[in-house]
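Number of protein chains: 8
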Amino acid sequence: MKLDQGQKLLFIGDSITDAERNKEVREGGNGALGKGYVAFVDALLQTGYPELGIRTVNKGVNGNTVRNLEARWQEDVIDQNPDWLSVMIGINDVWRQYDAPLIKEYHVYIDEYEETLRKLIKETRPQVKGLILMTPFYLERNEQDAMRRTMDQYGEVVKKIADETDCLFVDTQAALNQILNTYYPAALAWDRVHPNATGHMVIAKAFLRVLDFDWGK
Amino acid sequence: MKLDQGQKLLFIGDSITDAERNKEVREGGNGALGKGYVAFVDALLQTGYPELGIRTVNKGVNGNTVRNLEARWQEDVIDQNPDWLSVMIGINDVWRQYDAPLIKEYHVYIDEYEETLRKLIKETRPQVKGLILMTPFYLERNEQDAMRRTMDQYGEVVKKIADETDCLFVDTQAALNQILNTYYPAALAWDRVHPNATGHMVIAKAFLRVLDFDWGK
Amino acid sequence: MKLDQGQKLLFIGDSITDAERNKEVREGGNGALGKGYVAFVDALLQTGYPELGIRTVNKGVNGNTVRNLEARWQEDVIDQNPDWLSVMIGINDVWRQYDAPLIKEYHVYIDEYEETLRKLIKETRPQVKGLILMTPFYLERNEQDAMRRTMDQYGEVVKKIADETDCLFVDTQAALNQILNTYYPAALAWDRVHPNATGHMVIAKAFLRVLDFDWGK
Amino acid sequence: MKLDQGQKLLFIGDSITDAERNKEVREGGNGALGKGYVAFVDALLQTGYPELGIRTVNKGVNGNTVRNLEARWQEDVIDQNPDWLSVMIGINDVWRQYDAPLIKEYHVYIDEYEETLRKLIKETRPQVKGLILMTPFYLERNEQDAMRRTMDQYGEVVKKIADETDCLFVDTQAALNQILNTYYPAALAWDRVHPNATGHMVIAKAFLRVLDFDWGK
Amino acid sequence: MKLDQGQKLLFIGDSITDAERNKEVREGGNGALGKGYVAFVDALLQTGYPELGIRTVNKGVNGNTVRNLEARWQEDVIDQNPDWLSVMIGINDVWRQYDAPLIKEYHVYIDEYEETLRKLIKETRPQVKGLILMTPFYLERNEQDAMRRTMDQYGEVVKKIADETDCLFVDTQAALNQILNTYYPAALAWDRVHPNATGHMVIAKAFLRVLDFDWGK
Amino acid sequence: MKLDQGQKLLFIGDSITDAERNKEVREGGNGALGKGYVAFVDALLQTGYPELGIRTVNKGVNGNTVRNLEARWQEDVIDQNPDWLSVMIGINDVWRQYDAPLIKEYHVYIDEYEETLRKLIKETRPQVKGLILMTPFYLERNEQDAMRRTMDQYGEVVKKIADETDCLFVDTQAALNQILNTYYPAALAWDRVHPNATGHMVIAKAFLRVLDFDWGK
Amino acid sequence: MKLDQGQKLLFIGDSITDAERNKEVREGGNGALGKGYVAFVDALLQTGYPELGIRTVNKGVNGNTVRNLEARWQEDVIDQNPDWLSVMIGINDVWRQYDAPLIKEYHVYIDEYEETLRKLIKETRPQVKGLILMTPFYLERNEQDAMRRTMDQYGEVVKKIADETDCLFVDTQAALNQILNTYYPAALAWDRVHPNATGHMVIAKAFLRVLDFDWGK
Amino acid sequence: MKLDQGQKLLFIGDSITDAERNKEVREGGNGALGKGYVAFVDALLQTGYPELGIRTVNKGVNGNTVRNLEARWQEDVIDQNPDWLSVMIGINDVWRQYDAPLIKEYHVYIDEYEETLRKLIKETRPQVKGLILMTPFYLERNEQDAMRRTMDQYGEVVKKIADETDCLFVDTQAALNQILNTYYPAALAWDRVHPNATGHMVIAKAFLRVLDFDWGK
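Protein chains in written order, with full-length UniProt numbering: chain V, 1 to 217; chain X, 1 to 217; chain A, 1 to 217; chain D, 1 to 217; chain H, 1 to 217; chain G, 1 to 217; chain Y, 1 to 217; chain C, 1 to 217.
It is worth saying that the hints were derived from the structure and are not from the lab. C-beta atoms are modelled at their ideal positions from N, C-alpha and C, and glycine is treated no differently. Do not rely on the hints blindly, as some may be mistaken.
Below, in silico cross-link-like pairs of lysine to any residue (SDA-like), each with a Cα-Cα straight-line distance of 20 Å or less [to be verified]:
#1 K35(D) - G28(H)
#2 K217(Y) - V210(V)
#3 K35(D) - K35(H)
#4 K23(A) - V210(V)
Not close to chain G: a few residues of chain C, all C-beta gaps over 10 Å, as computed [what the hints assert, rightly or not]:
#5 S15
#6 Q80
#7 E115
#8 I132
#9 M147
Bound-form chain V, shown alone (with noise of 0.2 Å):
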């Protein structure tokens, strides 16, 4: 297990990492991780380790891309003081050139994407102990998908990134997948993008699964 003792872990991100959280409340008030893989992680982690008193945060925020994610990062990261950071962004700055085409404001393409994401990570990485980068997805199986196809390269970014700066990687996409065989897209999602308790755990397990999270515990 990668965390230690009275470590503090921040996620940030869009609607996924955000899920309904209850953003009226501070931290630690009902509802404060709202309903996704965060709420989910970290009830994990209290019940496998609760002698670690791991302190989870979460910063997402929903409709966001990683151009708002530079917009707050300075408030929302770096003043939060994290042992460990996750990052999951990507989704809205493709979807919106799918669900939104004609406004060409709303896209953040893959170059922006790029230089934004690695400028964040590259600056952040020496003031944290650990960071933790995860791909954008979407609940698509046919990768010719037009959308698919797109996320998959800004998700290969991600990867790109992690390389780089020494981070740890989560190929949620790849994990998603996996039950994408089983079930069809539309019972994991409305949309294909916000996934049900399913989907999210899927995601909560490849994210611990990176920590080396024993289940055993």
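On the provided structure of chain V, position chains X, A, D, H, G, Y and C as indicated by the hints.
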């Protein structure tokens, strides 16, 4: 133009037909026609042929399968005494097989679908001046996609029944396919099922085309 | 068809243009185009000419007079940088003289109306590829009715300015008069001002006609 | 003054009588008399003749036609045992012919109107000390307007029945015409039917005049 | 009739004047005049003298004392530029002494009341064509009741100031006393302060009487 | 202390007893005892005599007269099987005569009041260990006030019945009179009927006094 | 892994099982499984064994005791025809003895508890493939605490019945005790009964362990 | 009785003091004193000593620690100019250490607690006629319970400061312990912190006792 002076045109179907219609108000009340293709058809009919005084009635109910239509057919179709009847059903019959695969009671497989629909149409055809059958559809470009493939099969059943029973036939899937050439599904529908106004307008236009609607008017 | 590939078409006006648009969401959001003629124009453009990718923006605000338009013109028109601009204003300028006759501050009389509208149009015409001026209207058959008569005079001002400034001109009053031959005003609008879907479709069709919209597509 | 000590005065009618009365509270409760002419009549009676102790009851129901009155006449009139009864009905009987022209079931044409109203009045007249019949009205200046013309015909039916059955007669249309000389309809009613407080006060004053109400008191 | 063509009549006061007026809408909006004597005065003025076109404005604010009036006098009276001004204040000045006896800061004793009211009236009288001063009142029959006695003293102050400054004077307490001969206070007001419609009509009639309103019109 | 170990004490009455109790929850639920004297009595009993385990039940219903108590007596008293019963009724029986003087059906005059109350008490007295009768009251200092005078007469009826039937007697009017020496009625109750917490505490203390409650505990 | 392909697993119990499940939607609807251990078990089953297609049903109802389970057993268990049944009941049976000690009707003492639970389990065991009995629990470290001690006794009853009837047995109290070594009860549950996500995950893991769930999958 | 004629008594503290007080209304408004011991103290003071006219003010704010009190002390205590001040603080200072053990920023450890409280009390004592210090408490019988033990230590700090600064001292824990002999904590408080009316009455009585309140009055 196939509709005549003073005729009543009744639409029955699922949420595509329903389209958030206000079920609290009586016919003619604010929002009673919903926000979808039925409202568009009515507005275009009143605009193009005000002198005909066509009376449009919306009896779509969201979530319905052909099994639900059968249960309320007497009250919502026969007792309403329409001159023209339009039926679009089947999306939920198929969708439940994909989004709730474990709950078999929700599924209406193709044999039951065909049998029930044929029975309803056969019995009703002699009682109305005209009957329009519209295919169910799925906003998915990939014809090899499992759910799209199933939906196409249900659409073929509709076509077969239309041919057998002297109904007008609207291939909504074909009409929507054209716009899918330009727009990715996410730009037309959150869930590949419930279209935005553009998608509903495609359906409305396809519907009016089989009535020989004259756009120049 | 006068619109070209990738152009932005912006509508400004009063509640007829606004049509209960959701001002809480950003462009492209659910309900952002309202429920009126702007939404119909957009759906018909996307349906008929999906390959053009016309971007429609609604900047109508209910209750507005030309005085209000002037106050927000820089932000809501110029800063938006539209290729095409459509303006329909004047109903409230007239209506307040009739429904709040004692509150003179609310009235925008014809001289101020003409002067303000001409100034806005003259300044803006060179900055856009095309500009459509639509008359205000009143759903009253009786041309001798006091308010109808005043509205017609404001409509003539619009025509005059359109002629002077090389704008396309839409005579919405004339278009609506035709349907008033069949339907009594109460069948189209509760208050003879805010039309139902039929009335909005009449306006949308009149608008598209001046753009040489091809219905056969 | 025609009303005597301790008498109960009951009003029945449509939304003009109803005037948003609170139907959740029992008689005497807050808002039970509505916000219209009934409340004004009561306030003026209590103010001018407190010593008489007139008990006012409002049984108006919005949307009602004479057909609805007939259905609830036993419960809402006869069982209430009023000393005086006031009836104003007919606006919806006419209006539906103009705002919902295609839905014939909603229309109450003049023969049914006359027959039903006469029957109700004839049967009830002997059971009450006094009965006031008020004409329906339409806030439209133009006597050639189609709906105004029809409303005037229904008003003549009311006058005829009042004459036949020894009822007091209130010509509300005539009373409202006077104020229409000064104010355009839009200043009195959003929809030419539901008057503001001024319009309701005109009706209240016309009503009280036929009772020989003394304003000097 | 003392009011002239086109004059603006402004009412200022406490909750009796306010009477649940809708402060969210602008002048002329639905409910802007409240449900009390101001609305009744307006309806009776418009009904009796429509040709005068009197513009009525309600600036009552519930809970106000004369101290509050002073604080908002510039904005709510002077800046409004009324032709006629009507002032009814003092109920809360007295009431707080009785319902919150321990919270001295809320009390406006008679010396402060007299001084403040005189100053406001003296300064404003020359700027308006007419000024009406109405006494505060208490719906209590027993003249020996402590709060009634205090209220009567405040009423005498109003009379004195009216005499000194050439204002019209309305003795609302005297007008309401008459109806208290017949009705017990509980039949007119839940709390002996906020009258029902009957009580408001008594005030409206007393107000109009000093303007020489002609009821025969 | 008259109450014994494990006894059930049931209160029935009108809104003074009800005191906004939450009728949606079952006994023991949050707010089930209301906010008035019943809740205070219970809190004081539990605090002073926790070892007795007295079970308090509130069956007050706002607006009730003795006529309503009779109608629900079987269900709300007899079926509950209380050891001790407390009854306070009569305020509405009197109040309606003063606040709704024209609606005679609402009035419960003193003969009916006495007869009904005596019948209920006589029948029930043998079935309970103890029965407390509390007078209705009116927060009015002036004993010559019409409604206060009537209320006092009803209070005398209560005393008479208590004497006849061996009930404990609580003179709430007398208890409240003492505090009215200091506080004006408006400081205790908005409407001279529904007391604030101070008034309810006066009632609770008077109630406990007849039970020989020991405050020193 | 004890569960087989396509089996239905039904959970019945009290608020711990219910966990705010949405009872307005049908099976499979959003929120139908609640937010507690049932939802976690389902997500972990679907994630670990998607190919099995286990169908999870939640029939927990908050506030229930074993007495309530008996009343709805036919409808909510037998008629549902589950392959596996999980039962966790008893918390309210005990809790009411401590939080509502005076209301004996609410208490289900240990004899009734044992008898009822045994009867239900015995009758049902032959009709299902497997049956899991879970103990009730109390998030209290102190084994001498009165309510904890009682809860432990009810837990022993569960164990005894499980042994007698060949059921799988989950000792939730024992599982939760481990985490109570680290966390004070207030960190897990507001009221020592309703756990947060961590507590629910402990229960879910204990449940899955008896099914020989393989975490490595 | 220690309080004198016309004195102002101000309570400051956390949610126990706040007790859902309505912070939207000003002093004296409905619900301004909350539903807890402050409201009970006030009702008992007004009932027992109405002639003293004690003015009670509630400045409790839920969730507060002594750190929060310090931040608002000037505005909420000093500027209010009370004659008597009552302070009960510390529950949240302790509770956060147990319910949010990982979020150290929320914890107010005993040294900071003592130092801050002493400073506030020392500075304020000379400015008021009397000052009452109440201990924080925890509704837990087991004195070896970790959180109860910590709470007791904070209570001893309060006692020490009271002794040093000539304050009256209320040992709320001791007072509540007595009732805990009879009732299990769950019968008094959902969470062992927020008492029901019985618990608040215990506190109110303990408070009044140190003021030499005479219950016989």
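Hints versus structure:
Straight-line distance between C-alpha atoms of K35(D) and G28(H) comes to about 17 Å, which keeps the hinted pair within the 20 Å bound. A hinted pair counts as satisfied when its Cα atoms are at most 20 Å apart, and K217(Y) with V210(V) qualifies at roughly 15 Å. Distance hint between K35(D) and K35(H) is fulfilled; the C-alpha atoms sit about 9 Å from each other, no more than 20 Å. Taking the CA atoms of K23(A) and V210(V), the gap is about 44 Å. The hint is violated against a cut of 20 Å.
With a closest Cβ-Cβ approach of about 16 Å to chain G, S15(C) is found to remain outside the 10 Å limit, as its non-interface label requires. For Q80(C), the requirement that its beta carbon stay farther than 10 Å from each beta carbon of chain G is met, with the minimum near 21 Å. At roughly 35 Å from the closest C-beta of chain G, the C-beta of E115(C) stays outside 10 Å, upholding its exclusion from the interface. The non-interface label for I132(C) is consistent with chain G: the shortest C-beta to C-beta separation is roughly 19 Å, beyond 10 Å.
The non-interface label for M147(C) is consistent with chain G: the shortest C-beta to C-beta separation is roughly 23 Å, beyond 10 Å.
The structure shown violates just one earlier hint, number 4.
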